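Colleague: Sequence:
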Amino acid sequence: MTIRSFTFTPADGVPPAVAPFAHATAAAQTLYVTGQMPTDTTGAVVGTGIEEQTDRVLRNLLRVTELCGGALEDVVSVRAYLLDWAEYAEFNAAYAAWFPDRLPSRTCVGVTGLAVGARVEIDWMCWRAGGWGR
336 MTIRSFTFTP
346 ADGVPPAVAP
356 FAHATAAAQT
366 LYVTGQMPTD
376 TTGAVVGTGI
386 EEQTDRVLRN
396 LLRVTELCGG
406 ALEDVVSVRA
416 YLLDWAEYAE
426 FNAAYAAWFP
436 DRLPSRTCVG
446 VTGLAVGARV
456 EIDWMCWRAG
466 GWGR
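Residues 336 to 469 (our numbering) make up the sequence shown, in order.
Hints were generated in silico from the structure; no laboratory data involved.
Any given hint could be a false lead.
Said to hold, decoys possible - Listed next, with one range per pair, are the computed distances between beta-carbon atoms:
hint, residue 1, residue 2, range
1, Ala424, Gly468, 14 to 24 Å
2, Gly452, Thr342, 23 to 33 Å
3, Ala421, Gly466, 36 to 46 Å
What you are looking at is a predicted structure, and each value in this text was computed from that prediction instead of being measured.
Even for Gly, the Cβ is constructed at its ideal location relative to N, Cα and C.
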């Protein structure tokens with residue numbers, strides 16, 4: 336099995352990395368997309384509310400997935416981390432709008448802190464029969 340890592344730059348339409356990591360790693364037909372924050376390509380946090388931040392995080396995840404040759408339909412599992420569990424209902428509303436036809440499996444946990452002052456961080460795993468590449 337070949338393992339391949341993908342790293343992108345803001346010129347590719349993704350936020351800059353804030354630590355030493357690949358934006359995604361492919362192993363056979365599975366793509367593991369690193370947790371994304373609600374930041375734009377300058378690294379600035381977008382929005383103050385959970386719904387706006389959730390939307391930005393999902394946009395960032397989708398962009399990384401697209402750069403690896405995938406699409407939203409390839410998402411099979413999601414992990415979400417919320418700073419404030421009281422925002423769970425609002426998070427779910429923003430999240431569900433992204434998956435109107437098929438929900439992937441999901442884990443959602445409350446945490447005591449997130450990088451860059453974010454309210455939410457999400458990572459996901461994707462699967463494609465044809466594998467992954469740019």
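Colleague: It remains to establish, for every hint, whether it holds in the given structure.
Modeller: Results for each hint:
no., hint, in the structure
1, Ala424 to Gly468: 14 to 24 Å, "violated, 39 Å"
2, Gly452 to Thr342: 23 to 33 Å, "holds, 24 Å"
3, Ala421 to Gly466: 36 to 46 Å, "holds, 41 Å"
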